[in-house]
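Engineer: Fit chain S to the given chain W structure using the hints.
2 protein chains.
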Amino acid sequence: MPHKTSTRRQWLQSSGALGLAATSAVGSFAQEPSNNLPPHVPTWSKGLGKPFLSPAYGVPSPHEQHVKRALLPHPGPYPTASRTPLQSLHGTLTPNGLVFERHHAGFPTIPPDEHRLMLHGMVNRPLIFTMEDILRFPSESKTYFLECSGNSALELKKPTGITAQDTHGLLSCCEWTGVRLSTVLEEAGIQKQASWLLAEGADAASMTRSIPMAKALDDALLVYAQNGEMLRPEQGYPLRLFLPGFEGNMSVKWLRRLKLGDAPWQSREETSAYTDLMPDGTALQFTFHMEVKSVITSPSGGQTLKQTGFHEIQGLAWSGRGKIRKVEVSIDGGKYWQDAVLQEPLQSKALARFRLPWQWNGQMALLQSRATDEYGHVQPSRQQLIADKGMNFYYHNNAIQTWQISAQGEVRNVHA
Amino acid sequence: MPHKTSTRRQWLQSSGALGLAATSAVGSFAQEPSNNLPPHVPTWSKGLGKPFLSPAYGVPSPHEQHVKRALLPHPGPYPTASRTPLQSLHGTLTPNGLVFERHHAGFPTIPPDEHRLMLHGMVNRPLIFTMEDILRFPSESKTYFLECSGNSALELKKPTGITAQDTHGLLSCCEWTGVRLSTVLEEAGIQKQASWLLAEGADAASMTRSIPMAKALDDALLVYAQNGEMLRPEQGYPLRLFLPGFEGNMSVKWLRRLKLGDAPWQSREETSAYTDLMPDGTALQFTFHMEVKSVITSPSGGQTLKQTGFHEIQGLAWSGRGKIRKVEVSIDGGKYWQDAVLQEPLQSKALARFRLPWQWNGQMALLQSRATDEYGHVQPSRQQLIADKGMNFYYHNNAIQTWQISAQGEVRNVHA
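Chains as they are written, first to last, in this note's numbering: chain W, 35 to 450; chain S, 35 to 450.
Read the hints as simulated data drawn from the structure, not as lab findings. Using N, Cα and C, we set each Cβ at its ideal position, and we do this for glycine too. Be aware that a few hints might be false.
What the hints assert, rightly or not - Here are the simulated distance ranges between beta carbons:
no.	chain 1	residue 1	chain 2	residue 2	range
1	W	D252	S	S229	50 to 58 angstroms
2	W	K369	S	P379	48 to 56 angstroms
3	W	Q225	S	Q99	38 to 46 angstroms
4	W	K191	S	R159	51 to 59 angstroms
5	W	H100	S	T338	52 to 60 angstroms
6	S	N158	W	V448	42 to 50 angstroms
7	W	H323	S	E378	16 to 24 angstroms
So that you can see chain W by itself, here it is in the shape it has in the complex (with noise of 0.2 angstroms):
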């Protein structure tokens, strides 16, 4: 076994694990101060800084400005997502400056109060209901992963994104708030034929889809705060639907419509795009859950190890299916795994942090991380999940990422 892993309680009880005495071997590091003296006192340490409410409300630091959400590249006029910075990011949440943009029109500015649902079809009563209408209705808050289908889906014929936002940056973590669509749909009187419901947007691309009712009377929500403030314009202000673990589109923002009936409506995105084409030419359709995912956030793409010696190595993983597991890492590019540590509390189908602390011995390394959910569903590699369904397909992409880390400590996204 060419790295040497250990727990995190073997390095807490290792002294010294850093290597910060002045006399470490692995450049600079902390120092020792020249006597008991407080260090020098710097100038912003002696006159009043800003005052309260500058501004009232609250930006990043200055020194921050290159953690932002970025485009691709794109081949087409128009780019079409722009992409969370995981490597900048902490914990499990996605602040509401930084969730990832996916949408097919622009994003609205719409005043609230001129904002309508309307909820019609195979319903007792149908009803438009203003957003005091929305907000009078109990509430619940849940922390829940939203991801683009096709986040990831560049790289599965070759390893194309430099950064972790470059390849899973369409993903984003955010504590939701708004009513059970299934409470919603209760106070018209839900038909018995009722199988579908249709969600349509209200930004010009009427954005459409169609759900099957067993979701929507799940854990289905109609959401119109994110993080506790009301949802950003970009994230469909002042109301969306939310489905807890389906692909991200599906949660249509800015809703304006909700029909029920007994079939799917085959609307454009659900038949020329978000299928998935197999190797016999057929497509699969309404393939709705994101399945079992991670990523190495740190070390990872573009980044540079400056010593060897201690890293922790972090990433995100999640599953629309349910809550993580476990989450396995793998510094040899998949021989030998080991188990990393995950944040609690795991919250189903939320991004969960995992951990596991490393000593880099300056060799090449290739960083993998596999997930694994509460059912057992276990994150394939490219390999397998090429062998099973081709390479045509686009999105769903949930494969393995491989980091490799030169001895010169550069991190490269490739195949491994």
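Structural biologist: This is chain S only, laid out in the frame that chain W set:
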């Protein structure tokens, strides 16, 4: 019993509980469409919206500009804090832009490359850390509330604040990421006689507090991230101490120095301030824990109920000692109490959202909430608190809050 309440289950089982039928007697609410055609198509459904990355770091809707941090009217020449708009928030988290501010000399904008943390005193090896050093340590993420010990202080003698933001807005809750303080202390080697820790900030106030080593070695963190991204400048960027459940000012921001010793330092902020004056003229010092507390945020002061019938009573509960076990709600000023539903997962020393369905009958009501934590500590009434601690103390007012609803639906801050 003048008011009728019901459980969520009872409410959901009743049909038409919201009075949604067009024939409803409760005034304007969801309407039946005149036919099954889609509703009026608004202008924002007819043309392209804003493109991606507008802006790259997203901002709230222009229709949410009223949701902001705010100052209370202040007697002196300078304000002392900005407050979180609790009455406009949903769920349990506070978005970073709305986390309350309390600082003593403005907030500095520190270049992270130039920041240093010095660790000295009763340690085997005094050390100076760069931010790169700190970020290499093993990390953890935890959701904790943060409350200024002066929160609600002005409410003890008479009802003063108009809104929940005024009365309880020195309160926020985030997912914090950092390194265990114990891990960093062990790196330097803790000497046996060390029983207290001095923490000093790099702002111009050199905010300084003494902390018992037992807390430092328990759940204390050196925090560099909140809600997924790096700390905001006004929250201590690039590094702060975080002492879960302790009064806010002890979680020293812009942390520049930690010194181990065998006695507290009797700093300005633990002698002239942040002590609690008792009826006999002595002062309680080192009242670290924020005791069990709660507040109803909806309906709350400054709001107006627009109709009788269904309303969800909602609020937040927290304890600096652990998890919330129970929140009771009264609508008659404390004569009759009913258990609210607590949002899962409940996390130790974090905000808990509670909810109770309620049918308002249009009569005057006195809304109160009473929290109990996992150790059985019960939030006191104002009368109980005064009987215990007198009227001369300022910090640590955790009394039950009363909101009066008039027959016109106006909600007002009162003492009951």
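Engineer: What hint numbers does the structure not satisfy?
Structural biologist: 2, 5
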